[in-house]
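**Q** Protein chains in written order, with numbering that gives the first Met the number 0: chain H, 0 to 157; chain S, 0 to 157; chain B, 0 to 157; chain E, 0 to 157.
In case anyone wonders, no lab produced these hints; they're calculated from the structure.
Fair warning: this is a prediction, and the values are worked out from it, not measured in the lab.
Worth double-checking, as some hints may not be accurate.
Copies of one chain are not kept apart here, so a pair can be met inside one copy or by any two copies together.
[As the list claims (entries may be wrong)] Distance condition first, Cα-Cα at most 30 Å in a straight line; then the derived DSS-like pairs of lysine-lysine:
(1) LYS123 <-> LYS92
(2) LYS92 <-> LYS32
(3) LYS125 <-> LYS92
Number of protein chains: 4
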Amino acid sequence: MNKLLLSLIVSIFLSGELYAQNAYDITEEEALKVLLSAKTKAEEMDVLVNIAVTDAGANLKAFIRMDASYLGSIDVAIKKAKTARYFNIDTGKLGEMTQPGGIIYNIELSNGGLITFPGGLPIKNKDNVIIGAIGISGGTIEQDRAIAIAAAQSILEL
Amino acid sequence: MNKLLLSLIVSIFLSGELYAQNAYDITEEEALKVLLSAKTKAEEMDVLVNIAVTDAGANLKAFIRMDASYLGSIDVAIKKAKTARYFNIDTGKLGEMTQPGGIIYNIELSNGGLITFPGGLPIKNKDNVIIGAIGISGGTIEQDRAIAIAAAQSILEL
Amino acid sequence: MNKLLLSLIVSIFLSGELYAQNAYDITEEEALKVLLSAKTKAEEMDVLVNIAVTDAGANLKAFIRMDASYLGSIDVAIKKAKTARYFNIDTGKLGEMTQPGGIIYNIELSNGGLITFPGGLPIKNKDNVIIGAIGISGGTIEQDRAIAIAAAQSILEL
Amino acid sequence: MNKLLLSLIVSIFLSGELYAQNAYDITEEEALKVLLSAKTKAEEMDVLVNIAVTDAGANLKAFIRMDASYLGSIDVAIKKAKTARYFNIDTGKLGEMTQPGGIIYNIELSNGGLITFPGGLPIKNKDNVIIGAIGISGGTIEQDRAIAIAAAQSILEL
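The shape of chain H in the complex, shown without the other chains:
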């Protein structure tokens, strides 16, 4: 069984390009930078948050939960990041359109559950291309959004 897996892996490595990172996808280094920048910002603001980073494919790339932050914010932070990338939008802006009577009322029910209040933002590279997204949960919506903005911008320093 292991031989099968091994030969599979060898052939994959030999094929070279297969593992190539999408050119416009956030890297592990960038994701860690965003994560730690958000953590630093949250500590400066004295807020306890959960921090989630997704890649260009809206898949989880990095995550950290500060001690004693809300357990319920694990899922909220991840859903904020996914929502921001699903629709390339500030989650708070999306929420303005999902209220009763809004043009996309209850879109929260799609994609396994969206979060449409502030704290989720697309992450853009120096060329203004969206390469992923960040979601923050645990503080007030204003605090969450401020941390997300600072963290998303931090990769421009790399």
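Chain H is already provided as a structure; the job is to place chains S, B and E on it using the hints.
**A** Frame of chain H, contents of chains S, B and E only:
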């Protein structure tokens, strides 16, 4: 095969500390006390309810359903307790912020479904540390909340 | 709103039979007896378990988790009890038929996930009628089953 | 509305102990140490993996995905970590008991899906108490397990 499991279990017991209960986690004795206090309170008030207790990790610790109480309240009671621990809050207070136009509108769609009307409360120990949560469902929201308050406070008598 | 609910409740009470417990359904008193008997038996055997009781409708009736027992056993204990009532069978006996090549291979995939190894048993009243089920998880399969047997029989003492 | 949340948060902070981290729960600092140790080990071994850390309550604490590692390994790594904590066990050891004919065949169907091959391990502190778990996915099962071992032990250096 059974010998394997047996030796595994023996080795776990010999390792001593492995099974240690978290210092700030509700105990079985406390959970039973909360459960029976809620039951007594509900009987005094002549209300039929479901009673759920979760631990500090928001995992189910104890549960009882009174005869002829709503079947649909099984899940509501459990979700109320989980919600109260997820965000360390009275579920009714959370609900004030999740209404249309509210700052965290539709957060109910996270964490596999939240319940954000009264009846869920964090459980605190004598040092005011949250060690779990309780959720009551089956009566009016005022009744559910009154039962939750009485039950959560009952562990201070232990 | 509360008046509506109140009048609803009053009308339900006046209708009498509506809240009547199924004649062959486990009562809250019986469920608590089963729960505490299982707990006592587990303590005598020095095993840490999760204990779940379902009613005749396979709905959760009572639950308790002993301190430091497996977190993963919450769901396993509940699924054992549900499985035992779904098919009115000792879960271990069901497992003999679900192995590869067995007549009901992989039935575990139904009903949101079954558990088909020992520890789940129907609960019968004095007239030999099934009124619910019990599920035990946390010890060896032999220990879990022994606790389930002792607990299921305890209601005959009431 | 924001004032409500603000006053709520202020009152929570004033209550002091409320945000206390459980004494036997992995800290953010420890989780980051485990994450980065796993990353370093994987780079040394030239393997691309997903790394997940859960806390004592089996809730996600930290996560990182190396560039070009399998997308499918996000969920596998998280489930390995959860499984290791759910049953306080090396996931590979659990898998020996879940095979056809095994004593706990098909337990994988519980808890929303378990992963029972190597790569998940409990994380213990210096006193041998389990404080969380790690899950690695992306390499061979031997590689995943070797990375998990190295990372779990790294917190003893703190």
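**Q** The structure should be examined with respect to each hint, and the outcome stated for every one.
**A** Okay, the hints, checked on the actual structure:
{"no.": "1", "hint": "LYS123 <-> LYS92", "result": "within (17 Å within a copy, 36 Å between copies)"}
{"no.": "2", "hint": "LYS92 <-> LYS32", "result": "within (25 Å within a copy, 36 Å between copies)"}
{"no.": "3", "hint": "LYS125 <-> LYS92", "result": "within (23 Å within a copy, 41 Å between copies)"}
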